[in-house]
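Protein chains: 2
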Amino acid sequence: MFFGDARAISPLIRGTKHEAVHAPRLLEVDDPLRATLRGGVDSSMHAAIRAIAGDNADAAVSAGSTGGLMALSRHLIGTLPGIRRPAIVKTLAGEGERRFRMLDLGANIGVGPAQLHQFALMGCAAASADGVQEPAVALLNIGSELRKGPRSVRAAANLLADDARLRYAGYIEPDRMFGSSLDVVVVDGYVGNIALKAAEGAVRMAHYLLGRELANAAASGQVVERLQRVRDAYNPQRYNGAALLGLNKVVVKSHGGADRQGFANAVAQAIQALSAALVAQIAARA
Amino acid sequence: MFFGDARAISPLIRGTKHEAVHAPRLLEVDDPLRATLRGGVDSSMHAAIRAIAGDNADAAVSAGSTGGLMALSRHLIGTLPGIRRPAIVKTLAGEGERRFRMLDLGANIGVGPAQLHQFALMGCAAASADGVQEPAVALLNIGSELRKGPRSVRAAANLLADDARLRYAGYIEPDRMFGSSLDVVVVDGYVGNIALKAAEGAVRMAHYLLGRELANAAASGQVVERLQRVRDAYNPQRYNGAALLGLNKVVVKSHGGADRQGFANAVAQAIQALSAALVAQIAARA
Numbered sequence: 048m049f050f051g052d053a054r055a056i057s058p059l060i061r062g063t064k065h066e067a068v069h070a071p072r073l074l075e076v077d078d079p080l081r082a083t084l085r086g087g088v089d090s091s092m093h094a095a096i097r098a099i100a101g102d103n104a105d106a107a108v109s110a111g112s113t114g115g116l117m118a119l120s121r122h123l124i125g126t127l128p129g130i131r132r133p134a135i136v137k138t139l140a141g142e143g144e145r146r147f148r149m150l151d152l153g154a155n156i157g158v159g160p161a162q163l164h165q166f167a168l169m170g171c172a173a174a175s176a177d178g179v180q181e182p183a184v185a186l187l188n189i190g191s192e193l194r195k196g197p198r199s200v201r202a203a204a205n206l207l208a209d210d211a212r213l214r215y216a217g218y219i220e221p222d223r224m225f226g227s228s229l230d231v232v233v234v235d236g237y238v239g240n241i242a243l244k245a246a247e248g249a250v251r252m253a254h255y256l257l258g259r260e261l262a263n264a265a266a267s268g269q270v271v272e273r274l275q276r277v278r279d280a281y282n283p284q285r286y287n288g289a290a291l292l293g294l295n296k297v298v299v300k301s302h303g304g305a306d307r308q309g310f311a312n313a314v315a316q317a318i319q320a321l322s323a324a325l326v327a328q329i330a331a332r333a
Numbered sequence: 048m049f050f051g052d053a054r055a056i057s058p059l060i061r062g063t064k065h066e067a068v069h070a071p072r073l074l075e076v077d078d079p080l081r082a083t084l085r086g087g088v089d090s091s092m093h094a095a096i097r098a099i100a101g102d103n104a105d106a107a108v109s110a111g112s113t114g115g116l117m118a119l120s121r122h123l124i125g126t127l128p129g130i131r132r133p134a135i136v137k138t139l140a141g142e143g144e145r146r147f148r149m150l151d152l153g154a155n156i157g158v159g160p161a162q163l164h165q166f167a168l169m170g171c172a173a174a175s176a177d178g179v180q181e182p183a184v185a186l187l188n189i190g191s192e193l194r195k196g197p198r199s200v201r202a203a204a205n206l207l208a209d210d211a212r213l214r215y216a217g218y219i220e221p222d223r224m225f226g227s228s229l230d231v232v233v234v235d236g237y238v239g240n241i242a243l244k245a246a247e248g249a250v251r252m253a254h255y256l257l258g259r260e261l262a263n264a265a266a267s268g269q270v271v272e273r274l275q276r277v278r279d280a281y282n283p284q285r286y287n288g289a290a291l292l293g294l295n296k297v298v299v300k301s302h303g304g305a306d307r308q309g310f311a312n313a314v315a316q317a318i319q320a321l322s323a324a325l326v327a328q329i330a331a332r333a
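Residue numbers (our numbering), protein chains in the order written: chain A, 48 to 333; chain B, 48 to 333.
The hints are simulated quantities; they were obtained by calculation from the structure and are not laboratory data. Be aware that one or more of the hints could be misleading.
Where chains are identical, the list cannot tell them apart; a pair therefore holds if satisfied intra-copy or between any two copies.
[As the list claims (entries may be wrong)] In silico BS3-like cross-links for lysine-lysine, where the CA-CA straight-line distance does not exceed 30 angstroms:
(1) Lys137 - Lys195
(2) Lys296 - Lys137
(3) Lys64 - Lys296
(4) Lys64 - Lys195
(5) Lys195 - Lys296
The structure displayed is predicted, hence computed values, not measured ones.
Whenever a hint applies, use it, and build me the whole structure from the sequences.
Here it is in structure tokens:
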């Protein structure tokens, strides 16, 4: 089901099984929360979340405002028992064929130890849903020594170490997480969002330098092709799609600047979450 | 003056004007603060900081523990009037020939608005010492809208906007800071350290992918050379050296894994800080 301006959508899906739902208003990032929740009923995001809340659809994918998506999801779908607030999780590429999950990436700012502990449980459930057995989980910090970092992270370390359901691997520094054998990295939402965007910015910077040098080089077609592959391997589009964990339903946030491939990846992630029964896995763990 | 095991140092500097000072004990990262301050008098770091505190030397460069260097510097040298705690600043490469400064990178965890404001003043003084006129300063945050981010950052935004001495440019997201025209980026020490290490880790990851692809490619010598240049342009060694701002003297921290070139860059940074009268610039501004 496609939610938006049906006059624009219908011609694109004619002759398919897809359905256009007319909900033409677009929520803006700057819309106040109250307007989103109360006045936003004619918005495409409100209509889409209503559809999964009413069991007319199994999962929702949106490239709209993260704050709006989070607020509407909590309000209309609700969180699983015991979950205070959902967290945003993303799967990132490590060295080799390795993948790891990082959360929270921006939904929860200034969280305490209990919430970091809950992120660890939800992240491990997501890893299990991806087929990882006994996932290893670490806390993002600025050193590996026990006394490093903010009080909340140090207190969370005790909670994670004491929880027999978790395979706790200690602190991880962000420069090591890509090369580690971790499955889940846990962090406060403000810090996690900063870390993710710093990594993206640095890679973009490396690409800029690469492009400048290659423009001057007599590179063979084969080399250019391989370098393009490197660039693609870290293309955010390829890893587009962040799941909102802790809700009663599957909701995936796509990047606002996603292209066709990126949005398709976000949809594929929603389908994968459904077939792996991600919500039930989290309900059982957290 | 070289501080350490004089038996090892002396043969290396024979016939030069350099001097070896015998202070053979090495402070460990795990040494408790009390041991560093009281019991560490025979350590090389303690001896070096004593030398600048006693005006026997103008600046100190150390590749030892950041925590130890910060504690000894505060204890033996002291901070400038009005500075509560020093901040760690580093100059990073942006696109083109642009450079920008980022602070704090790990000395102060969980800081409030007043301290972020002070970081902005010190960072702008450092930019001025580098020859930047009317430096533009921004706060690192997870969005550009005013209501984004932690309370401390939002409150700091008001302080920076109201300070006529500053050219305040608003919030900057870390994926945009490399391509922006900013001169100073201000952030809490925990978050700044995470952002820096996430950027380093992502670049290392890109290099890993690059190396893997190039190993399989029939790359010409010229192309390999240019790619090496890209790697070097983001080599942390080249930007090695973080200044401790807010002290009565020049203290520069080198990365513990610095090579010859990296350590030389840290020394060059200390010399540049002296010739630009960095301490006086900060005293005048902060």
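Status of the hints after comparison with the structure:
1. Lys137 - Lys195: Both: 25 angstroms inside a copy, 21 angstroms across copies.
2. Lys296 - Lys137: Result: close within a single copy only, 17 angstroms intra versus 44 angstroms inter.
3. Lys64 - Lys296: Within one copy only: 23 angstroms inside, 72 angstroms across.
4. Lys64 - Lys195: neither (55 angstroms within a copy, 40 angstroms between copies)
5. Lys195 - Lys296: between (37 angstroms within a copy, 26 angstroms between copies)
Checked against the numbered hints given earlier, this structure breaks only hint 4.
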